[in-house]
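Produce the entire structure from the sequences given, and follow the hints as far as they go.
2 protein chains.
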Amino acid sequence: MSAVTSPLVWEHVQPAAARRLLTGAIDAFAERGFQATTTRDIASRAGMSPAALYVHYPSKERLLFEISLYGHRAALEVLRDAGDPAPDDIPGDAAPESSSSASVTADRSPAERLRAMVSAFTAWHAEHHTIARVVQYELAALTPEHLAEVAAIRRAISAQLEQVLADGVDDGSFAVEDLPGTTLAVLSLSIDVARWYTPHRAKPEDLGTLYGDLALRMVQA
Amino acid sequence: MSAVTSPLVWEHVQPAAARRLLTGAIDAFAERGFQATTTRDIASRAGMSPAALYVHYPSKERLLFEISLYGHRAALEVLRDAGDPAPDDIPGDAAPESSSSASVTADRSPAERLRAMVSAFTAWHAEHHTIARVVQYELAALTPEHLAEVAAIRRAISAQLEQVLADGVDDGSFAVEDLPGTTLAVLSLSIDVARWYTPHRAKPEDLGTLYGDLALRMVQA
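Protein chains in written order, with this note's numbering: chain A, 1 to 221; chain B, 1 to 221.
These aren't lab readings, by the way, just hints derived from the structure by calculation. Be careful, since some hints might not be right.
[What the hints assert, rightly or not] Calculated from the model, a selection of chain B residues having no Cβ within reach of chain A, i.e. all distances over 10 Å:
| id | residue |
| --- | --- |
| 1 | 45 |
| 2 | 62 |
| 3 | 86 |
[Stated by the list, open to error] Straight line, CA to CA, 25 Å or less: simulated SDA-like cross-link-like pairs of lysine to any residue:
| id | chain 1 | residue 1 | chain 2 | residue 2 |
| --- | --- | --- | --- | --- |
| 4 | B | 60 | A | 32 |
| 5 | A | 203 | B | 159 |
| 6 | B | 203 | A | 137 |
[Said to hold, decoys possible] In silico contact screen, one side only, chain A against chain B (beta carbon under 10 Å); selected entries:
| id | residue |
| --- | --- |
| 7 | 181 |
| 8 | 188 |
| 9 | 193 |
| 10 | 214 |
| 11 | 217 |
| 12 | 220 |
We put the beta carbon where it would ideally sit given N, CA and C, even for glycine.
Below, the structure written as structure tokens:
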């Protein structure tokens, strides 16, 4: 799963100098917090002068915004891919007259989708715990406009999970009294992994398996 | 439940000037992070000079340590009180010859205790979300000696929860495959409330009720 492998998250950031500044900023923000980090700190981690930083990013907040945007988008993508109702349903592959029923039988149950989503989302937060901490704990440092953009992705993340819970309630496999509250709790369980995770405690994928099971137990009828 | 009411957490801090510095430090650390906060910031929030601060606390780290110590102790106390196996068992009240069997029948089931513990622990993290954020996110700023003291309380918190899960496994009411992993997950669910909680989202006690139910579902046989 390429989105779970650290270096690839930033490979689209070009040129390399901009990428070095971004990863330097993640380390600095994670170590000292956004407020205590100077643009000089970030530039020197990237082997650059503060003036060179401004060629790529107009401000320290802009760096935080890009980190937050990429981090949230990557987490949303992981959740969306894992929760795909019919991941192997390739259009055009099935004969036209049977494609509709074929796609129905290929659909995975809400339980399968929920387990896969929480497993992947949890493993992502373990693997990327440094980025996830910056992204989750420094929201208050974003400008209102940037926060609004990030908030839209956060709502999309919630909507993905709430939909699979609603699907399970609809088909009777889940019993959920408070849908938004339970959605938030399940996401929160995965996100908090970033706070305490260190590689010596567990492998990201093992943690994902445990949390997928626990989430399923939280909602099963 | 007095420990859940904000001002009372610090009432034992004397004199009032020391208490004002402590609450000023909580607000400053929560707003800007430990690293970006100066002793001057903290002193001015308490209406004092930086020199007056040093009369009460030798360093900014000492303030963080006291906040961390009190915050962790309060959370442990809430968990311990809520999980008491026989809260109404008052020694000397029962006739001596029947006291042993009376205390057995008064014992609450692991399910009741777990639900009460998670409810109270969650409500505490909602009510005290500002303190909890400082306590949870600034551990790395403590000296090794202070961190060791706090870590001992953290282990006691885990032990309280792990014990009730183990009791439930023993009497067959719980099915838990990974006891330490599930203990961490249940605690994590409550602690992460501090990250996203704002009073407009839910009342602390309602959130506690929901989370008590969810935790029980995570472990029930």
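Now for the hints, and whether the structure bears them out:
For residue 45/B, the non-interface assignment is confirmed: its Cβ lies about 16 Å from the closest Cβ of chain A, beyond the 10 Å cut-off. With 10 Å as the threshold on Cβ separation, the claim that residue 62/B sits away from chain A holds: the shortest Cβ distance comes to roughly 19 Å. Against chain A, the non-interface label of residue 86/B holds: every CB pair exceeds 10 Å, the least being about 28 Å. The hinted pair formed by residue 60/B and residue 32/A meets the criterion: a straight-line CA distance of about 15 Å does not exceed 25 Å.
Under the criterion of a C-alpha separation no larger than 25 Å, the hint pairing residue 203/A with residue 159/B is consistent with the structure, at around 23 Å. Taking the CA atoms of residue 203/B and residue 137/A, the gap is about 22 Å. The hint holds against a cut of 25 Å. Look at residue 181/A: its Cβ gets to within about 5 Å of chain B, closer than 10 Å, so that hint holds up. The criterion of a C-beta within 10 Å of any C-beta in chain B is met by residue 188/A, whose closest approach is roughly 4 Å, and the hint holds.
The beta carbon of residue 193/A is positioned within 10 Å of a beta carbon in chain B (closest approach about 7 Å), and the interface hint is therefore held. For the restraint placing residue 214/A at the interface with chain B, the shortest Cβ-Cβ distance is roughly 5 Å, inside the 10 Å limit, so the hint holds. Against a cut-off of 10 Å between C-beta atoms, the interface hint on residue 217/A holds, since the closest Cβ of chain B lies about 5 Å away. Because the closest C-beta pair between residue 220/A and chain B is about 8 Å apart, less than 10 Å, the hint holds.
Of the numbered hints stated above, none is contradicted by the structure.
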